[in-house]
Amino acid sequence: MLTSHSLLPYLVLIPLMASAFILVVPSERISAIRKIAIGATFLTLILAFFFLFSYQPSGSPYQFTIQIPWVRSFGISYHAGLDGIGVVMVLLHAILSFTGALVSRSIKQDVKLYFIFYLILVASIFGVFTSLDLFFLYLFYEMSVIPLYPMIGIWGSQNREYASMKLTLYISLGAVIALVGLLALYFASGLQTFDLEALSQQAQNQPFSVYFQMWCAPLLIFGFGVIASLWPFHSWSPIGYAAAPTAVSMLHAGVLKKLGIFLIIRIVIPLLPEGAKFWLPITAVLCIVNILYGAWAAMAQKDMKFVIGFASVSHMGYAFLGLACLNQMGLTATVFFMFAHGIMAALCFALIGFIYDQTHTRMIPDLGGLAKQLPFITVCFVIAAFASSGLPGFANFVSEILIFFSAWEHYPVQTILAIFGIVITATYMLRMIRNVFFGPPNPNWAYLKDAKGLAGKLPYGFLVAVLLIFGVWPSLLLNIIRPTTEALIESRAAVLAQYP
Amino acid sequence: MNEFLSLFSRHSSWIILAPEIGLTLLILSVLAFDLWTQINRTKLIQWSILGSALIGVILIPLSSSASGQIFQGAFQLDSFSIFLKEIFIVSCMVTLWIAHEFSETLKNRASDFALLILMATLGAFFLASANDLITLFITIEWMTISLYVLTAYLRTDPYGLEAGTKYLIMGAFSSALFLYGISHVYGTTGSVRFDHIHTWLTLHPKDPLFLTGLLLILSGIGFKIASFPFHLWVPDVYQGAPTPATAFLSVSSKTAGFAALVRILFSVIGPEYFNWPVLISLLSAATLLYGNLGALGQTNMKRLFGYSSIAHAGYLLMGISCGTQRGMEAVIFYLTAYAISNLLAFLVIVIANRELGEGEIIAYRGLAKKSPLLAGAFFVALLSLGGIPPLGGFFGKFLVLEAAVHRGYLWLAMIGAVNVIVSLYYYLSIVKEMYFRHAAELGANERKMNLRISTQTLLVALVLFVVGIGVFQEPLLLLAKSSVHILFTNP
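Chains as they are written, first to last, in our numbering: chain S, 1 to 500; chain X, 1 to 491.
Calculated directly from the structure, the hints in this document are not laboratory data. Quick caveat, the model's predicted, so the values are computed rather than measured. Mixed in with the good hints, there may be bad ones.
[Stated by the list, open to error] Result set (DSS-like, lysine-lysine): computed pairs, CA atoms no more than 25 Å apart in a straight line:
hint	chain 1	residue 1	chain 2	residue 2
1	S	K112	X	K369
2	S	K35	S	K457
3	X	K448	S	K112
[What the hints assert, rightly or not] From the derived model, a few chain S residues whose C-beta atoms are all more than 10 Å from chain X:
hint	residue
4	P61
5	I66
6	Q204
7	M214
8	I364
9	G369
10	R431
11	I433
12	N442
13	W473
No residue lacks a Cβ here, since even glycine has one placed at the ideal position from N, Cα and C.
Same shape as in the complex, but just chain S (with noise of 0.2 Å):
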């Protein structure tokens, strides 16, 4: 019987079989093999939009749910379900992994291991939105991270190797440290289940030790940091996205970072609110150098890669900022700046990813007075900036000023420093603009194409169109985030009342 409660396991599946389908697709034939991937990733975005749309942000907290026991003997099940949270960003990896595979256009040699790779990639990071059980939601965490290797190091451009293993090894570092704290987790509750609901009833009713809390939440905050590029475990980060190519930069700066962020609301906040309380505040204090540090290194960059690489590191601050707010508005802002950010993110990759593929190269003082050639790049681009400079009317603007409202009360000094960190993000995004699209045409570069067509501009038009729609109606997302963040914080409250 095909319910609606049971789709959801699809989301990882249908990847996963296109994957398995395109191994014994015979190489040579890669429009079809093209055709596969981008099919099963339009599936997986019909799917998203469906579970956006008949999602009941008043319903029970995870919906869609299904459950199969998996290893009985250790309370491993596959439960899968979705809060407001994870249809946020089950939308956001749907609607990056159907334009990343659109823009793999660009990728010409070796196609059917490519979207072999990024097809595992794609239902691994499903994977983690959807799981309930700490052993999957691990075990698809681990998994997103190894695809990653062979895609940067094989269609990689510069340092390519370098950047491949030292991505691979630091997000594996921080997983495996995850890992010893979840199984100490599973152990210290006694319940000899790996289930996140359960366990988190348990943590309300008989909340953990405040000593075991202490020493756990670190384990979990700062080795999913390492994936979110908490300062200062983010220098795999620019290096690693100017190696990769354009769909891969894509998912990992749109989604992939934002599961170092998603793992420790789904885990650390409900499960050791004693432990975030504490340590939080810490991690606030250290993303003010990632938004500082980042932005100033952004600055610096010649290549455009690494200026948007390093953007992302220092965006991730204000994710950090409110997360540590740890209060309902802060949460949910966080939640909704992951979901914008990713899709800037994403757009920027995209655009230069576009560029490069002609130009075949990314460094700014080379490149110059593009918008003659390129308008309608030149045009995205610019809406790229300035979502990313926190204009209003962009997503972005509206999730970073509910940060800013909901952090100045705990941190009013790191708010101001944030608040600086836009103005520098402006300055350098600006000054690309200028160098990059405007100025005096270079005669280098009159060859260049726009995007043409309808199949050549949907990536960058489709990303744009979602950029400007949550920026004019936030409240369609906010109204599903806000109802679980609100549970999420009430069911802890008495912990979190005494909260700095």
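Model the placement of chain X on the given structure of chain S, informed by the hints.
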């Protein structure tokens, strides 16, 4: 079927010995065909693969219908030994297959090589069922002596001879330690039977002379499993030995060592005596660090696998050091995943080394272009050894770390977790060589490799098994549970 079995149950001692009898007959017939007929040597290997498959599919399950002790208690069949025998026979089959792929180098001495592998496996069968120290010693020697010959099999290869000599000297030394330890134990307890020693120990829980004997025995076994500080022979021997022998060393010989270790620590001693879990946990940490750090700079493929096999011994020791049933289940799962992944890796290595003409890692450059299947299978094997989901090796590591956290060895679990990253570095470096070179960088000597259909099938089957136990973990876990149960119910 049941009536058929009950017919035999009156002669249950023969049922208990069925796998050993079958394997002996197989060895004798291989020997006979080799001596008196002109049958093609590689054909003979194929027949012995088929024969050992039959033993694994028919005789071992048949023997499991009966259990108990024979030969005045020297030979004991229980669920643990049945499990070990299945591992040994699978390892034997794949190793024979590897030898089959290697038969160009072995030439007309290929059948003797197969015979030695079968002989060593027979020794391992008896080892799995050994129930006293003398049987244990003899069966370990039985395996090791076959392996001395296997390692030095290529008489014209100086590295092979070096490996053989090194292994011989180290092996003889460890045997001497082992035997000396037995003499202490026998001297203090007056028996070599496991159950008798255990009973004696309950009366004299802190005998220093016995402890000396125990430590000597553990040192002897330490050589077999390549645990720190008895691991020094491993890299040279792994590198120099013929590839099938290396595969056999890394799987069957290591499994045998662990079987002996587990029997002694659990059936003879029991986790409550002498506080040995602490000792083993320290050894585990040192072994992990040494193996993984040593592997980092390696340029030769088999040498790298030597170091990595030390590291895996560290993870297995970590499971044992818990001294709990949970820990032993983890060990069994880990061992299975390690055995299959390593056999898969060596199957790839033997083919690749043959086709590429050398065993340096750099020679694997561009393997993905030459043979996508071979590179893909190697990729899966390496990731499984590195502990990446959703492969078997991941769940093994997960269980071992879980057991360590459960036991309270948080520091050890942390070392194990961080070592995953170190091992990932050298495994991924191999992936880099295989996949990261673009066609333009590879030059003109592009040559597609052609593999036999049967070998392709085996590669795919092993890959599916590695993925299968990683995704559907429960059946193997239940098997592990039932097979280690006996270790914790014994007196």
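Let me make sure I understand: some of the numbered hints might not hold for this structure. Which ones are they, in numerical order? The structure breaks none of the hints.
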